[in-house]
Amino acid sequence: MSDTTDTGPVLAADGTPLKRSLRRALRAQKLRALALIAPLLIFVLVAFIAPIADMLFRSVENQIVGNTIPMTVEELRDWDGQDVPDEQVFRAMYFDLFLASEAKEHTKLGSRLNYEESGVSSLFRTTGRDVDDMGEVFQEAFEEISPEFEEAQFWYDTMSGGAGAEGNERLMSNQIGRLEQLEASNFSGDAGFVPGAAISDILPNTARAYAAFAAFTHFVDEDVVAEEEPWEAVYAALALDLEDPGTAAALAAYDGPGAELLRQAAAADLPPVEMKAAFIESNKDWNRIEYWEVIHTYSPPYTTGYFLNAVDMEKTTEGIALRSEDERIYGILFKRTMFMSLVITFSCIALGYPIAWILANLPARTANLLMILVLLPFWTSLLVRTSAWKVMLQQQGVINDTLVWLGLVADESRLVMINNQFGTIVAMTHILLPFMILPMYSVMQTIPPSYLRAAKSLGATNWTAFWRVYFPQSVPGIGAGSILVFILAIGYYITPEIVGGTTGTFISNRIAYHISSSLNWGLAAALGSILLAVVLILYWAYDKIVGIDNVKLGG
Amino acid sequence: MSAMTLTPIEKKPLSFALPVIGAAGGFAGLFVGTAHGSGLMGVVIGAVALMALGFVALQVLGLDMEKPVRWGILALFTVAGVLLAGVPGFVLGVLFGWFFSWFIYWIGEGRYRANLAPYLTGGQVLWHYAFRVICGAIFIFLITPILVVMPLSFNAENFFTFTPEMLRFDPDGYSLKHYRDFFTSSGWQQALANSLAIAPVATLLSVSFGTLAAIGLSSEHVPFRRAIMAILISPMIVPLIISAAGMYFFYSRIGLQGTYFGVVLAHAALGIPFVIITVTATLVGFDRSLTRAAANMGADPVTTFFRVQMPLILPGVISGGLFAFITSFDEVVVVLFVGSANQQTLPWRMFTGLREQISPTILAVATILVVISIILLATLEMLRRRSERLRGMSPG
Chain A
1 MSDTTDTGPV
11 LAADGTPLKR
21 SLRRALRAQK
31 LRALALIAPL
41 LIFVLVAFIA
51 PIADMLFRSV
61 ENQIVGNTIP
71 MTVEELRDWD
81 GQDVPDEQVF
91 RAMYFDLFLA
101 SEAKEHTKLG
111 SRLNYEESGV
121 SSLFRTTGRD
131 VDDMGEVFQE
141 AFEEISPEFE
151 EAQFWYDTMS
161 GGAGAEGNER
171 LMSNQIGRLE
181 QLEASNFSGD
191 AGFVPGAAIS
201 DILPNTARAY
211 AAFAAFTHFV
221 DEDVVAEEEP
231 WEAVYAALAL
241 DLEDPGTAAA
251 LAAYDGPGAE
261 LLRQAAAADL
271 PPVEMKAAFI
281 ESNKDWNRIE
291 YWEVIHTYSP
301 PYTTGYFLNA
311 VDMEKTTEGI
321 ALRSEDERIY
331 GILFKRTMFM
341 SLVITFSCIA
351 LGYPIAWILA
361 NLPARTANLL
371 MILVLLPFWT
381 SLLVRTSAWK
391 VMLQQQGVIN
401 DTLVWLGLVA
411 DESRLVMINN
421 QFGTIVAMTH
431 ILLPFMILPM
441 YSVMQTIPPS
451 YLRAAKSLGA
461 TNWTAFWRVY
471 FPQSVPGIGA
481 GSILVFILAI
491 GYYITPEIVG
501 GTTGTFISNR
511 IAYHISSSLN
521 WGLAAALGSI
531 LLAVVLILYW
541 AYDKIVGIDN
551 VKLGG
Chain B
1 MSAMTLTPIE
11 KKPLSFALPV
21 IGAAGGFAGL
31 FVGTAHGSGL
41 MGVVIGAVAL
51 MALGFVALQV
61 LGLDMEKPVR
71 WGILALFTVA
81 GVLLAGVPGF
91 VLGVLFGWFF
101 SWFIYWIGEG
111 RYRANLAPYL
121 TGGQVLWHYA
131 FRVICGAIFI
141 FLITPILVVM
151 PLSFNAENFF
161 TFTPEMLRFD
171 PDGYSLKHYR
181 DFFTSSGWQQ
191 ALANSLAIAP
201 VATLLSVSFG
211 TLAAIGLSSE
221 HVPFRRAIMA
231 ILISPMIVPL
241 IISAAGMYFF
251 YSRIGLQGTY
261 FGVVLAHAAL
271 GIPFVIITVT
281 ATLVGFDRSL
291 TRAAANMGAD
301 PVTTFFRVQM
311 PLILPGVISG
321 GLFAFITSFD
331 EVVVVLFVGS
341 ANQQTLPWRM
351 FTGLREQISP
361 TILAVATILV
371 VISIILLATL
381 EMLRRRSERL
391 RGMSPG
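Chains as they are written, first to last, in the working numbering: chain A, 1 to 555; chain B, 1 to 396.
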């Protein structure tokens with residue numbers, strides 16, 4: 001480069017410096033290559049990487065608590081965990097639970113928290129049924145004061161502050177936003193109701209409860225707000241507002257619609273609002289501090305709870321601890337998955353090595369013929385091979401029948417070879433064996449047979465020649481095959497599901513169970529993330545040892 | 001092999017040949033014996049009978065009579081087989097008779113050394129053949145499950161095992177009813193139709209995107225090549241259950257879960273690594289000066305691609321497509337989660353069949369699938385050879 005400074009830059013044919021025009025050509029090439037790759041890259045990112053990312057996200061996501069009972073979460077933030085929370089928290093819980101039970105979301109929250117502490121599910125279910133009755137007390141009291149409290153139109157007028165009154169848009173959009181979170185959907189347009197600014201200052205709880213009712217009626221029930229009698233919770237909220245001595249004074253100065261009746265109600269003798277007592281009467285477990293601890297612990301939007309659960313730990317008041325002995329299942333399952341995958345890998349090495357050796361050392365014509373015996377199982381549908389093993393291993397299956405026919409096994413003591421670890425190991429060894437043989441074969445093909453002959457002619461015994469000369473050269477093949485088989489084995493689902501019974505199943509079967517049966521998606525995602533991490537580490541090792549570009553696909 | 005002519009084939013002394021033949025006879029006799037109640041009797045009778053046969057064949061009659069003696073042994077075993085176990089015994093008798101008639105001369109005349117180096121010791125010869133027997137056993141392990149399925153699919157009964165009628169080769173023991181069931185049952189036909197509706201579209205998607213990207217990747221100036229490669233290969237590395245879980249979560253978020261399009265998308269993603277790997281491997285041997293020559297003669301990039309590059313890499317593209325097709329056609333975990341009952345594919349139905357109501361129709365389907373995979377395997381092998389010929393490599 002330095003000598004160009006003397007003579008000036010080298011120029012291309014069109015007069016631009018050669019360096020620049022080369023760089024431009026290179027950039028054009030780069031862009032063209034990227035343009036060719038881009039569609040596929042985007043496709044894979046959307047169809048595959050995004051789902052994986054979503055799974056990782058779900059393993060820590062915990063928004064259901066905050067979405068279902070947001071006010072309770074807010075009230076519980078400063079709870080010291082010493083005693084059962086006070087009336088204030090129970091009131092928040094009442095309004096949260098009322099809306100949630102109208103939306104039928106409270107049972108979901110119940111089952112979510114039930115993963116952490118059993119019993120929470122029934123707590124939410126029973127009380128969810130009782131929230132109507134708790135509010136009915138107040139509804140009846142108000143209707144006694146005046147039958148007008150029964151009328152939908154009266155409520156609508158009162159809460160909207162009458163035609164042309166200044167509206168409290170923020171309160172309404174807050175409630176719509178909250179409902180959107182609860183229902184996990186998007187609502188567009190307005191609810192046909194806006195609470196009056198003045199009345200929502202005087203009766204904040206009532207305005208909030210009525211706004212929630214209005215949003216729900218309009219968007220979920222798709223009814224007209226002005227034609228529906230409000231929920232019991234709205235009456236309870238009104239009673240709560242009227243308990244405040246300041247409310248009566250504020251009402252005295254208010255002259256919007258319904259003011260007269262409200263003043264009358266404020267002066268009347270209403271039943272006291274005692275939500276804590278009502279909750280405990282509905283289900284005495286509300287008095288148990290453990291349940292409140294669970295709600296408190298799992299109220300943040302993100303949690304490590306699923307991961308702790310996946311490694312048999314739990315959050316307690318004293319911090320993170322191992323679960324009690326009889327509740328530890330995932331540790332055993334992970335260990336079993338590892339152990340069985342290792343056994344399968346070693347069986348594959350033991351069975352694959354001689355085959356790879358003989359294929360690499362026979363004349364090409366014979367080797368190609370024998371290769372078919374390896375490739376045919378490789379190409380045959382996984383389910384065909386799994387069903388074949390079911391046929392072979394059953395108690396009334398081919399192997400047992402043959403053994404009985406030969407008299408080696410008595411008819412009444414047929415071997416149990418399926419629905420246990422043995423069945424899984426045999427079937428999976430067979431299924432994964434080609435993945436071991438093929439990489440070993442391609443490595444062994446490159447080892448010159450003259451090395452062995454040279455070793456022997458120098459006086460090595462058969463064993464020494466093999467162990468000191470041939471084997472070390474074949475190790476890369478063993479390594480490649482082993483990692484491949486191990487990666488495939490620890491994520492297997494179909495075969496263990498069919499021939500594994502209860503003792504031969506893998507962690508993947510548990511993941512599938514949590515997705516489709518127990519519906520504990522968070523735990524499934526956490527287990528999946530751990531498995532994914534293990535596989536990625538192995539993949540990285542594979543890339544270091546073999547190089548990902550060197551993956552060969554059967555011949 | 002030069003060793004063939006060098007190695008002397010000489011008659012072995014009877015003191016060596018007879019015990020070996022006797023041991024083999026005893027081993028075979030053990031199984032016949034246990035099947036009939038007494039293993040020990042079987043061993044003794046087998047050993048004595050084989051030694052006697054060996055003595056007669058090798059010593060009394062000699063090499064001149066080899067042909068007739070071998071036929072005689074075959075006939076003897078066949079008759080014994082029929083007497084002991086009827087029709088299945090006939091088959092076993094023929095097999096055993098053929099084996100021993102060959103074995104006696106192979107040992108007795110020293111023919112086993114014919115293909116080996118002359119300097120090998122006895123132990124090395126023994127190991128050589130023992131190793132072959134071990135390999136044979138492993139090959140049997142590999143292929144037996146697949147072979148067993150085929151005859152069982154013609155079972156006349158609804159059993160998953162061989163019935164006595166089948167073992168007697170009684171025509172009544174066999175029937176095509178499971179195949180009839182497969183071709184007439186609307187459930188299976190719907191599953192087949194679904195598989196055939198999903199797999200080709202998924203293959204088309206992954207082949208078209210995958211080939212383009214592979215061409216891009218084979219250029220020397222791709223930035224972040226390793227990272228891109230890792231992302232594109234990842235669907236093959238990530239365990240299926242994790243892909244299935246992630247896709248289930250994500251696709252239900254965006255409303256694709258339970259739709260035909262969702263399954264196609266998922267399967268296309270799973271097939272892409274295979275296309276990428278095979279096509280990039282083919283492109284390694286592609287001579288870039290050909291495209292430059294085409295451009296030199298005035299062809300635009302599209303023409304160059306379809307007239308010059310495509311025909312040369314076509315074998316790679318097709319075999320990548322076959323891999324992608326079989327991936328989708330075989331796939332069950334992802335479709336189980338991403339699909340709904342309307343997308344039930346053939347493997348899905350087999351899976352539920354195996355788990356719940358066990359019907360031998362599954363074996364008929366399995367046999368059909370084995371036949372299909374044999375056809376695919378043959379196609380792939382042909383393509384490989386063609387590709388190597390085109391690229392000037394010797395088929396090996």
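I should point out that these hints are in silico values taken from the structure, not numbers from a laboratory.
Any given hint could turn out to be false.
[As the list claims (entries may be wrong)] Computed footprint of chain A on chain B, listed as stretches where at least three residues anywhere in the stretch have a Cβ under 8 Å from a Cβ of chain A:
{"hint": "1", "segment": "10-19"}
{"hint": "2", "segment": "49-59"}
{"hint": "3", "segment": "108-120"}
{"hint": "4", "segment": "125-137"}
{"hint": "5", "segment": "173-184"}
{"hint": "6", "segment": "187-199"}
{"hint": "7", "segment": "226-235"}
Here the structure is a predicted model, which means the values were calculated and not measured.
Where is the CB? At the ideal position from N, CA and C, for every residue including glycine.
Now the hints, each set against the structure:
1. Coverage of the segment 10-19 of chain B by chain A is violated. Counting CB-CB distances below 8 Å, 0 residues qualify, and the rule asks for three or more.
2. With 0 residues bearing a CB less than 8 Å from a CB of chain A, the segment 49-59 of chain B misses the requirement of three and the coverage assertion fails.
3. With 0 residues having a beta carbon nearer than 8 Å to a beta carbon of chain A, the segment 108-120 of chain B misses the requirement of three or more and the stated coverage is violated.
4. For the segment 125-137 of chain B, the assignment as covered by chain A holds, since 5 residues bring a beta-carbon within under 8 Å of that chain's beta-carbons and 3 suffice.
5. For the segment 173-184 of chain B, the assignment as covered by chain A is violated, since 0 residues bring a beta-carbon within under 8 Å of that chain's beta-carbons and 3 are needed.
6. Counting residues of the segment 187-199 of chain B whose C-beta lies closer than 8 Å to any C-beta of chain A gives 0; at least three are required, and the coverage claim is violated.
7. Requiring three or more residues with a Cβ within less than 8 Å of a Cβ of chain A, the coverage given for the segment 226-235 of chain B holds, as 8 such residues are present.
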